[in-house]
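Trainee: Given next are the chains, with one letter for each unit.
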Amino acid sequence: MNRSEFPDPFEQARQTDGVSTIDDQNDPVTMVLGLKNVRKCAHQWQKFQSGAEAGRIVVPSEVNIRDTRQIPFEVDPPDHGDYRAVVEPWFKRPLEPAYQAQLSDIIGSLIDDVIQQDRVEVVEEFALCLQSRALTLLLNTPFAESDTWISWGTHVFRSEDSALDASKANILYDYIDQQIERAAANPTDDLYSVLLNSDFQGRKLTKEEVKGVMILTFAGGRDTVINAVTNTIAYFAEHPESLRYIQQHPENTGKAVEELVRYFSPLTHMGRVVTEDSQVCQHAAKADSRISLCWASANRDETVFDSPNEVKLDRKVNPHVAFGFSHHNCLGATHARQILQILLTQLAAKVARIDIHDCQENIEDWQQFQRKVGFHSLNVTFTGN
Amino acid sequence: MAKITFITPDNESVTLEAEQGSVMELAVSNNIAGIDGDCGGVCSCATCHVHVAPEDVAKVGAASEIEQDMLELDDNANEYSRLCCQIEISEQLDGVTLTVAG
Ligand code: HEM
Ligand code: FES
Numbered sequence: 020m021n022r023s024e025f026p027d028p029f030e031q032a033r034q035t036d037g038v039s040t041i042d043d044q045n046d047p048v049t050m051v052l053g054l055k056n057v058r059k060c061a062h063q064w065q066k067f068q069s070g071a072e073a074g075r076i077v078v079p080s081e082v083n084i085r086d087t088r089q090i091p092f093e094v095d096p097p098d099h100g101d102y103r104a105v106v107e108p109w110f111k112r113p114l115e116p117a118y119q120a121q122l123s124d125i126i127g128s129l130i131d132d133v134i135q136q137d138r139v140e141v142v143e144e145f146a147l148c149l150q151s152r153a154l155t156l157l158l159n160t161p162f163a164e165s166d167t168w169i170s171w172g173t174h175v176f177r178s179e180d181s182a183l184d185a186s187k188a189n190i191l192y193d194y195i196d197q198q199i200e201r202a203a204a205n206p207t208d209d210l211y212s213v214l215l216n217s218d219f220q221g222r223k224l225t226k227e228e229v230k231g232v233m234i235l236t237f238a239g240g241r242d243t244v245i246n247a248v249t250n251t252i253a254y255f256a257e258h259p260e261s262l263r264y265i266q267q268h269p270e271n272t273g274k275a276v277e278e279l280v281r282y283f284s285p286l287t288h289m290g291r292v293v294t295e296d297s298q299v300c301q302h303a304a305k306a307d308s309r310i311s312l313c314w315a316s317a318n319r320d321e322t323v324f325d326s327p328n329e330v331k332l333d334r335k336v337n338p339h340v341a342f343g344f345s346h347h348n349c350l351g352a353t354h355a356r357q358i359l360q361i362l363l364t365q366l367a368a369k370v371a372r373i374d375i376h377d378c379q380e381n382i383e384d385w386q387q388f389q390r391k392v393g394f395h396s397l398n399v400t401f402t403g404n
Numbered sequence: 351m352a353k354i355t356f357i358t359p360d361n362e363s364v365t366l367e368a369e370q371g372s373v374m375e376l377a378v379s380n381n382i383a384g385i386d387g388d389c390g391g392v393c394s395c396a397t398c399h400v401h402v403a404p405e406d407v408a409k410v411g412a413a414s415e416i417e418q419d420m421l422e423l424d425d426n427a428n429e430y431s432r433l434c435c436q437i438e439i440s441e442q443l444d445g446v447t448l449t450v451a452g
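Top line first, the protein sequences correspond to chains L and U.
So the mapping is simple: the working numbering equals the position in the first sequence, first residue as 1, plus 19.
So the mapping is simple: the working numbering equals the position in the second sequence, first residue as 1, plus 350.
Don't read these hints as lab results, they were simulated from the structure.
Treat each hint with caution, since some may be false.
Label pairs and their calculated CB-CB ranges [unchecked claim]:
| hint | chain 1 | residue 1 | chain 2 | residue 2 | range |
| --- | --- | --- | --- | --- | --- |
| 1 | U | Ser363 | L | Gln389 | 33 to 39 Å |
| 2 | U | Ala412 | L | Glu72 | 56 to 62 Å |
| 3 | L | Asn216 | U | Ser363 | 34 to 40 Å |
| 4 | U | Ala412 | L | Glu383 | 37 to 43 Å |
| 5 | U | Gln418 | L | Glu72 | 35 to 41 Å |
| 6 | U | Asp425 | L | Glu24 | 52 to 58 Å |
| 7 | L | Gln267 | U | Val407 | 22 to 28 Å |
| 8 | L | Thr400 | U | Thr355 | 50 to 56 Å |
Computed from a prediction, not measured in an experiment: that's the story for all the values here.
By construction, the Cβ of each residue, glycine as well, lies at the ideal position given by its N, Cα and C atoms.
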């Protein structure tokens, strides 16, 4: 009963110091651990900026492997708001009934498939397929594109041997360049074409800007969704009663999704560059050093959440920051939430039980903190209702 | 039954009636502009921010500490701010006016 447990490695440091510094390629990062401080720092974009050198706010830093600025992620207000205004309506499409119906078909037929199989490796054969196929809806591209994305495997940016693998990132960058050229020559109603034709501050977005948005859409929505989906399967395998609870209380599906996202916190933390000598939790943060906003730690803050290490699917007040907070809150959250809501609904309707055979945990190594974020592999059998 | 009036960002006034649920749910199911309710009402997204008419503050009541912490970092917040997913509909709310903070 512990494969779906995700321990909180930050508890002690959060309670004693509220911050903790790790090294990253000689550009150390002071992780901010408590919920209130994480929110405050996320809000204070003038002091803690995102628009630093491209790649620097990511941990591990990507400054040596890319030059393209990710948009709107690595831009500060006021330009940030203008970029968000361009992309936001598009990223709200998952609220449309037609989008949800198509997503239900994608997820429903995938569940039907895995019920037929004796044994399923959830990360590659379920979560990656689900994430890739769902992304065709968000991008409004042909369904067949998902086969290409699935063939890239789970780690477009990361591989087992080295955390930062430039050659894998190049596969994605080359693919996106080709797609932008294709859309420029023959516009359709997909996201590339819509972006190329968007007005930003009285001009069209450049190809480099479109690339910056598309890279982020692929990268930001890949591991996060795959981990959220895989961990959800592990959770229901060990808590069949929760699956029946969702079936009997469909009105609580939304709350259950928020609670699972809080508990799993698929994105552990994200950096900011300090613009002036500052203080975080009585700790000096020097100009041009880095801090990070540790969403995963904030989401277990015992001063805010009661029984923070327990999954309570009907948790009513749940001010988590799994999707970030303030200016840069997750643009893909509407899509991610729909995926998870439909996944829960369909699992409850179609699946009687899930049995785990074996698994290999994915433990992130942040030096003094070892954090389980998901699985490298999870072998299960799905049994239909 | 409670009648609740929303003033939208375009200054449109919409009056709705309901018996139960949260004010956010009422607004979202009636497509009130500026109330998105992204987190489904668990106090994590602040996309359900309203300003309560000063004369209705007593009827609506005060924000909890967790809600206040969310509002504190919202640039549009003032002393009349509430996250309306945290306001339960009851008879007591009858006649209140809420301006969408947007
Ligand atoms: C469960 C899944 C997901 C989680 C937990 C998650 C988490 C986050 C977090 C914590 C941030 C804030 C980063 C910061 O403040 O620097 C963020 C931003 C962002 N996410 Fe997600 N994300 C998820 C899914 C997605 C998906 C599916 C997409 C798109 C396909 C996406 C696209 C983005 C973008 C574009 C931003 C930057 C927004 C901005 O800077 O204004 N995310 N995400
Ligand atoms: S709906 Fe998210 S805070 Fe009210």
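Trainee: Looking at the structure, which of the earlier hints fail to hold?
Mentor: Violated hints: 1, 2, 6 and 7; rest satisfied.
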